[in-house]
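Engineer: The primary structure of each chain is shown beneath.
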Amino acid sequence: MVRSTTVLTPSQVSQYIKGFMDRDRLLSGLLVGGELSNYKMYPSGHHYFTLKDGESALRCVMFRGDAASLRFRPENGMRVIAAGRITVFPRDGQYQLYCSRLTPDGAGDLHLAFEQLKERLFREGLFAQEHKKSIPQFPHTIALVTSPVGAAVRDMLRILGARWPMSKVVILPVRVQGEGAAEEITAAIQWADLHQAADLMIVGRGGGSVEDLWAFNEETVARAIYGCSIPVISAVGHEPDVTIADFAADLRAATPSNGAELAVPDQNEVYSGLLNLRDRLEGGVERRLDKERTALERLSRSRAFTRPEAYFQDKRMLLDYQSRRLSHGASACLSGQREQLSALAAALDALSPLKVLGRGYAIARKKDGQVMTSVTQTAPGEEFSLRLTDGSLRCRVEDQERMNRDAVEKEDEF
Amino acid sequence: MARLEEIVTLLERGDAPLDQAMSLFEEGAKLLRECTAKLDTAEQQVRLLVAGEDGQPQEKAFPAQEE
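One line per chain: the protein sequences are V and W, in this order.
Quick note: the first sequence uses the working numbering, first residue 0, plus one each step.
Quick note: the second sequence uses the working numbering, first residue -16, plus one each step.
You may find that some hints are simply not true.
Here are the simulated lysine-lysine pairs, DSSO-like style, with alpha carbons at most 30 Å apart [claimed, not checked]: (1) V:167 to W:13; (2) V:117 to V:132; (3) W:21 to V:132; (4) V:167 to W:43; (5) V:17 to V:51; (6) V:39 to V:51; (7) V:290 to W:13; (8) W:21 to V:167.
Because the hints were derived from the structure by calculation, they are not lab data.
Required output: the full structure, derived from the provided sequences and hints.
Structural biologist: Following this line, the structure appears as structure tokens:
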């Protein structure tokens, strides 16, 4: 029964329904469990699949960002739980689940617990690389925290014995599966650490089902390994088995045998290493002695040893040379000074008052020898002498006449 | 072994005074003899380590497991 006469377009219908669904509380966040089918990964990075049960199918899309955080590889037929919201894709007019998280269902409980614990401990820093201790190169005592029976302990002992029998091995027997196993493993690690029973520890067991290995996924074991001051190698199960203990350990071995290999060096390699060191040691000292010997020979061939007198000859030649330089320098110096002296004598001669006398001047001296420069220095009747160029005259003052200053200067102009 | 490596490296660098180089060589030769002797004589020791009555670690024989 048609209630409205308004004609709508498909777009309008889709939009109307979409609005409905988007407002619905259940559809905006729900979990859907089912079987995967038609799983496709597009080059765009988006994943498209269908969830089925016996009667029905639900189209799903997981966008690239969410698909990138998938922790497993989805496969058709796998039972999964998808989380997301349901709405309409208007282009197709189809509703679908926009999946934000996909987890396996079934084996899932343990798996989920594993992933959750792994995530939590990772965030807490228990797996941090900077916390990892280094494995000693030549461990003195190795503690094996494992079952004392079974193939794993035998494999480890065989390999440790073959590779490096120098290390003492102590076995801390623990149950490695079933109720209480995790507690025993935890206690053994802490006890060995408390008593410093070893300088390297291998914690592990042989292969088994996920449930068998579960003790090594327990938080207490991971924390004991993390807190242990002795370096720990984890060696659990077979190659593909990865446990929480592996992440917490200082070194992860793929198997118990591999753990033993990683724990100790191979004595044959060490032996050939020693031979190599011996060669280098002897070679090193031999080369050193050769070098010193060569240096000694070079020294003994030097002139100082072969012709010691050459040294003195050289010095004598140097001495001669220097003394020649010295006498040459001294005479050059003397003649220079002689020239300077005669120049000075000529200058002195030019300034001599005797020369002035030769030009008609006379020096008047009182009887006490004092040179007269003023008429006031004498009086009429006083005797004085006149020094001329070729001798002296004895004279007496008849009269004195003093010229005034202007007259003197005037006379000087003549 | 680490000391031995160190000695060899020092000798190969060749800048140590001669008398020091000679004593390094003697030390190296001695270490070499000791290391080799240890390798030659070693026999693996395996013990079971359990807590005694006082809680202290106690070593016990580990039964050799034959197939």
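Engineer: Would you mind marking each hint as holding or not holding in the structure?
Structural biologist: Against the structure, the hints:
1. Restraint check for residue 167 of chain V and residue 13 of chain W: satisfied, since their Cα atoms lie roughly 24 Å apart, inside the 30 Å limit.
2. About 20 Å separates the Cα atoms of residue 117 of chain V and residue 132 of chain V, which keeps this hinted pair within 30 Å; it holds.
3. Simply put, residue 21 of chain W and residue 132 of chain V have alpha-carbon atoms about 27 Å apart, close enough for the 30 Å limit, and the pair holds.
4. Restraint check for residue 167 of chain V and residue 43 of chain W: satisfied, since their Cα atoms lie roughly 13 Å apart, inside the 30 Å limit.
5. Of the supplied pair hints, the one linking residue 17 of chain V and residue 51 of chain V holds, its CA atoms being roughly 23 Å apart against a limit of 30 Å.
6. Restraint check for residue 39 of chain V and residue 51 of chain V: the C-alpha separation of about 15 Å stays at or below 30 Å, so the hint holds.
7. Restraint check for residue 290 of chain V and residue 13 of chain W: satisfied, since their Cα atoms lie roughly 24 Å apart, inside the 30 Å limit.
8. For a cut-off of 30 Å, the pair hint linking residue 21 of chain W to residue 167 of chain V stands: about 13 Å separates their Cα positions.
Checked against the numbered hints given earlier, the structure satisfies every one of them.
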